[in-house]
Amino acid sequence: MYDDLACSLPESIDRNAILEPLDRVLDPELDESILKLGFVQSVEADEGLLTITLRLPTYWCAPNFSYLMVEDIRRELSGVENVQQVHVRLQDHFAADEIERGVNSGKLFTDAFPGEGNDNLKSLRDLFLRKGYLKRQEGLLRELRNAGLSFAQIAELRIDNVHVDRGSCRVEHATAGKLQLGADDFAQRYLERRRKLGIDSSPRAPLIVDLKGQPVSATKLEQYFVYARTVRVSLDANGSLCGALLDARHREKDAIPDHELNTKSEHVRHG
Amino acid sequence: MVRHNGQDIFVIDGHMHLWDASPENWRNQYGEGWIRCFYDYHTGLSPEEYVWPFEKYCKYGEETLIDDVFLKGHVDMGIFNSTYLHEFFKNGFNTHEQNHVLKEKYPERFILNGSFDPREEEAGLDKFQQMIESYPIQGLKLYTAEWRDGSKGWRLNDPWAYRYLELCEELGIKNLHVHKGPTIYPLSRDAFDVHDVDYAATDFPHLNFIVEHVGLPRLEDFCWIATQEKNVYAGMSVAMAFIHGRPRYFADIIANLLYWLDEDRILFGSDYALWHPRWLIEKFLDFELPEDIEKEYGVALTPQVKRKILGENAARLYGIDIAAQTAILKDDEIGRRLATAT
Numbered sequence: 001m002y003d004d005l006a007c008s009l010p011e012s013i014d015r016n017a018i019l020e021p022l023d024r025v026l027d028p029e030l031d032e033s034i035l036k037l038g039f040v041q042s043v044e045a046d047e048g049l050l051t052i053t054l055r056l057p058t059y060w061c062a063p064n065f066s067y068l069m070v071e072d073i074r075r076e077l078s079g080v081e082n083v084q085q086v087h088v089r090l091q092d093h094f095a096a097d098e099i100e101r102g103v104n105s106g107k108l109f110t111d112a113f114p115g116e117g118n119d120n121l122k123s124l125r126d127l128f129l130r131k132g133y134l135k136r137q138e139g140l141l142r143e144l145r146n147a148g149l150s151f152a153q154i155a156e157l158r159i160d161n162v163h164v165d166r167g168s169c170r171v172e173h174a175t176a177g178k179l180q181l182g183a184d185d186f187a188q189r190y191l192e193r194r195r196k197l198g199i200d201s202s203p204r205a206p207l208i209v210d211l212k213g214q215p216v217s218a219t220k221l222e223q224y225f226v227y228a229r230t231v232r233v234s235l236d237a238n239g240s241l242c243g244a245l246l247d248a249r250h251r252e253k254d255a256i257p258d259h260e261l262n263t264k265s266e267h268v269r270h271g
Numbered sequence: 001m002v003r004h005n006g007q008d009i010f011v012i013d014g015h016m017h018l019w020d021a022s023p024e025n026w027r028n029q030y031g032e033g034w035i036r037c038f039y040d041y042h043t044g045l046s047p048e049e050y051v052w053p054f055e056k057y058c059k060y061g062e063e064t065l066i067d068d069v070f071l072k073g074h075v076d077m078g079i080f081n082s083t084y085l086h087e088f089f090k091n092g093f094n095t096h097e098q099n100h101v102l103k104e105k106y107p108e109r110f111i112l113n114g115s116f117d118p119r120e121e122e123a124g125l126d127k128f129q130q131m132i133e134s135y136p137i138q139g140l141k142l143y144t145a146e147w148r149d150g151s152k153g154w155r156l157n158d159p160w161a162y163r164y165l166e167l168c169e170e171l172g173i174k175n176l177h178v179h180k181g182p183t184i185y186p187l188s189r190d191a192f193d194v195h196d197v198d199y200a201a202t203d204f205p206h207l208n209f210i211v212e213h214v215g216l217p218r219l220e221d222f223c224w225i226a227t228q229e230k231n232v233y234a235g236m237s238v239a240m241a242f243i244h245g246r247p248r249y250f251a252d253i254i255a256n257l258l259y260w261l262d263e264d265r266i267l268f269g270s271d272y273a274l275w276h277p278r279w280l281i282e283k284f285l286d287f288e289l290p291e292d293i294e295k296e297y298g299v300a301l302t303p304q305v306k307r308k309i310l311g312e313n314a315a316r317l318y319g320i321d322i323a324a325q326t327a328i329l330k331d332d333e334i335g336r337r338l339a340t341a342t
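For the protein sequence lines, the chains are U and G, in the order given. For the first sequence, the positions run 1 to 271 when this note's numbering is used. For the second sequence, the positions run 1 to 342 when this note's numbering is used.
Keep in mind that the hints are not guaranteed to be accurate.
Stated by the list, open to error - Listed next, the in silico EDC-like pairs over lysine to aspartate or glutamate satisfying Cα-Cα at most 20 Å (straight line):
#: 1; chain 1: G; residue 1: Lys-105; chain 2: G; residue 2: Asp-332
#: 2; chain 1: U; residue 1: Lys-220; chain 2: G; residue 2: Glu-296
#: 3; chain 1: G; residue 1: Lys-295; chain 2: U; residue 2: Glu-98
#: 4; chain 1: G; residue 1: Lys-152; chain 2: U; residue 2: Glu-98
#: 5; chain 1: U; residue 1: Lys-212; chain 2: G; residue 2: Glu-296
Hints in this document: simulated from the structure, not taken from any laboratory. Please read these numbers as outputs of a predicted model, since none were measured by experiment.
I would like the entire structure built from these sequences, with the hints used as guidance.
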């Protein structure tokens, strides 16, 4: 798992015991693991002090979102065996000092950035978990449609009609029969988020339910899909912008002769 | 006027600036941070040959604007959406007073938009009225995320904002461009939330609310509101810029707008000098929706729809008769320079 990540850990700390919880930390807007996104530059431990170094795609990443990710790293990693303290470093960010100082001393966002928000990021985190649910659901709905199911047929599916098995995914419908879906990701990711939001995910529960856990009827499902699609496009705005900004950073880097690069830009990840 | 497939198309750039972000004008680190953040957007989304050096980007001046926008950029008329940011820039970023200089020189080429800040309360009402009386203001640019005396933003449905909107109705100012877009450093508070537009648009049905940057990244909220409120429009600035590096994503956005709104409520904008209108317009004219998106959304981006987006919709909002205006523009200074150039 993430073999190319710079990890320097003593024998007493298990690499996977760090990377697994770290993989659960998401960029809330992109709805993707910060490890997969390549935001984590290095993982180091000195005795019981664990230091995670993070580099976000832009120098200007909004402080509330940055704070949220840094806070999540600390939360996910607290309690790992033989780790007494977790310290997060933020590279190349305009508010790195305030964020590092705030999070590492356990301050709430509102205390570290007075006037920037009023409920300690909880509602922000919840909002994006919910938006991400719709985005993941839209991906699954698209897969089901591409496999040939009508909206009416999809509305009849239950969770145990979907079978995920080692990278492949198939769905079984009473009349349409067994159909192969592209990748297993969509179903997996959707169900994972559904459980996280506390929505009933028992085997006989309807496959497609709204954010309140209510099934979406056959007649309403198409409109529901259309709305979820707009949510996905909306979330992708940041992804597209971040991607473009990252590309620009890489172009700048390519234009600079190697010997002039400072140590920070050497950490820029390609790809 | 841009010629495409044998047709002349009248172009109104619905969102442009003549800014001064030179270091001499930075009030503090925020002024610098602001323009550097803009510059990242500029370099991140522009085709390489259109990328400026940072120094030019900070302050480019009148003649560069005329040349870029009108002489080379295919634009017939531009809407100055004045942006003040006095807490970041000593003399402001691009105020209506500054923009008025070009409006006086080329009166037929510009639509000059002013602003109000409801946090100025009673005193601001007089100031606002004076601005309307002293300058040829045709619309407003409202910046709800602007800082002021420790406040990090305001909402269109604040009681004081309603007093100003009432005054707009009284004074005949109908078109309000509201900035609702991606967070720009150092504006990090969620003051770009679009829901206040919903309230104001319902309570002021005779005013038009052009939501600049289509609320990105809150497109679903924007679309939902615009579907219900017929006086809500989509300002395409920033969203346009995806057309070069992220064309598939641009297709997604425009398909959503055509689906939820309609072709009569979408306005082109370059946000110059964030991006150069020339490449935006040329790429837009050549742009075709991918077949799968067209089919899935059931929308079409026809030449007629493009004409509306590029100019006809803005012309309607601002009461411009395109045929009459075309004749006038042929004969102004820029028109004559264009004629001798060809």
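Open item on the list: Going through the numbered hints above, which ones does this structure break? Give me the numbers in ascending order.
Closed with: Violated: hints 3 and 5.
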